[in-house]
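In terms of this note's numbering, the numbers along the sequence shown are unbroken and rise by one, the last being 234.
Take the hints with a grain of salt, since some may be wrong.
[As the list claims (entries may be wrong)] 30 Å max Cα-Cα, derived DSSO-like pairs, lysine-lysine: (1) Lys50 x Lys104; (2) Lys159 x Lys146; (3) Lys207 x Lys104; (4) Lys50 x Lys146; (5) Lys104 x Lys159; (6) Lys159 x Lys207; (7) Lys146 x Lys207.
[Stated by the list, open to error] The calculated label-pair distances, taken between Cβ atoms and stated as ranges, are: (8) Ile178 x Trp213: 14 to 24 Å; (9) Ile220 x Gly99: 32 to 42 Å; (10) Glu140 x Leu85: 26 to 36 Å; (11) Ile68 x Phe210: 29 to 39 Å; (12) Val180 x Met151: 13 to 23 Å; (13) Met151 x Phe64: 19 to 29 Å; (14) Ile135 x Val61: 21 to 31 Å; (15) Leu128 x Leu215: 42 to 52 Å; (16) Met151 x Thr211: 31 to 41 Å; (17) Ser109 x Glu140: 12 to 22 Å.
Hints listed in this document are in silico derivations from the structure and should not be mistaken for laboratory results.
From the three backbone atoms N, C-alpha and C, an ideal C-beta is built for every residue, glycine too.
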Amino acid sequence: MEQLQAVAENRTGFCLDPRTKLLLMAVVATAEFLYSHTAFMIAVAMIPFILLLTNRQYKTATVFFCLFVVGLFVQAIQNSVQFPMIVNMLVVLLVGLVLRLFPAYVMGAYIIKSTTASECITALGRMHIGRQITIPLSVLFRFIPTMQEESAAIKDAMRMREVQFGTKKFWQNPAALIEYRFIPLMISVVKIGDDLSAAALTRGLDNPVQRTNITKVGFTGWDLLVVLIAGAALLSTYFFSPW
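Go ahead and model the full structure; you've got the sequences and the hints to work with.
Quick look at the structure:
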């Protein structure tokens, strides 16, 4: 009984409803393609950046911040610097990926890291989303962390064998890196996917009967505050920004 009560307790502190996260994901994913002014792109990028900081994903936030700043700098100088045609094509492609796609990518990283599978299933159920979407998403939320753990374990095993980039064994046989790292990872990915799918079905996710859930999901003042701040920032930069 004590374990059940511990599981059913609400998460304290800053915690957004999964539906709010999906709304912000949709806003970030579409807003970067609507308006190309620098201030608006910065305002959109600040949404996932701040959320990453609140979730203590400091490494991801730092990498995203550095790449975004570099992308803005390259975009500012690419018209004044003459690059060869091939280099210019690569620069435009990379800048477009960083400035327009990376905010949505890191927003997805925040959602997966900060949302449990139970919270996702409960929120989707309240949105009346069909099981054709609920079951794959529940598998996805468990699949990515498990795959990261498996990849780290394979990396540690290969480090003990000195099969990694830059070592003597790598230069003697570069193909060994693919053989000993990627092939086991691919096999593990297939096995993990099958196991998680079976686990989801075992829990009765495909049962047509209305399910109950001890996970408490609901909108709070944090959800309203985040939506209002994000909306005000985007609207102000869209209509009033001079650059």
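Status of each hint after checking the structure:
1. Lys50 x Lys104: Satisfied, since the Cα-Cα distance of roughly 13 Å is no more than 30 Å.
2. Lys159 x Lys146: Distance ~17 Å between Lys159 and Lys146 Cα, so the pair holds.
3. Lys207 x Lys104: Between Lys207 and Lys104 the Cα gap is close to 18 Å, so the pair holds against 30 Å.
4. Lys50 x Lys146: holds (19 Å)
5. Lys104 x Lys159: violated (37 Å)
6. Lys159 x Lys207: violated (53 Å)
7. Lys146 x Lys207: violated (37 Å)
8. Ile178 x Trp213: 14 to 24 Å: Distance hint for Ile178, Trp213 is violated at roughly 42 Å.
9. Ile220 x Gly99: 32 to 42 Å: Violated, since Ile220 and Gly99 (Cβ atoms, about 20 Å apart) do not stay within the stated range.
10. Glu140 x Leu85: 26 to 36 Å: The hinted range 26 to 36 Å holds for Glu140 and Leu85, with Cβ atoms some 30 Å apart.
11. Ile68 x Phe210: 29 to 39 Å: violated (44 Å)
12. Val180 x Met151: 13 to 23 Å: Holds, at about 22 Å.
13. Met151 x Phe64: 19 to 29 Å: violated (40 Å)
14. Ile135 x Val61: 21 to 31 Å: holds (26 Å)
15. Leu128 x Leu215: 42 to 52 Å: violated (25 Å)
16. Met151 x Thr211: 31 to 41 Å: violated (47 Å)
17. Ser109 x Glu140: 12 to 22 Å: holds (19 Å)
Violation of the numbered hints given earlier is confined to hints 5, 6, 7, 8, 9, 11, 13, 15 and 16; the remaining hints are satisfied by the structure.
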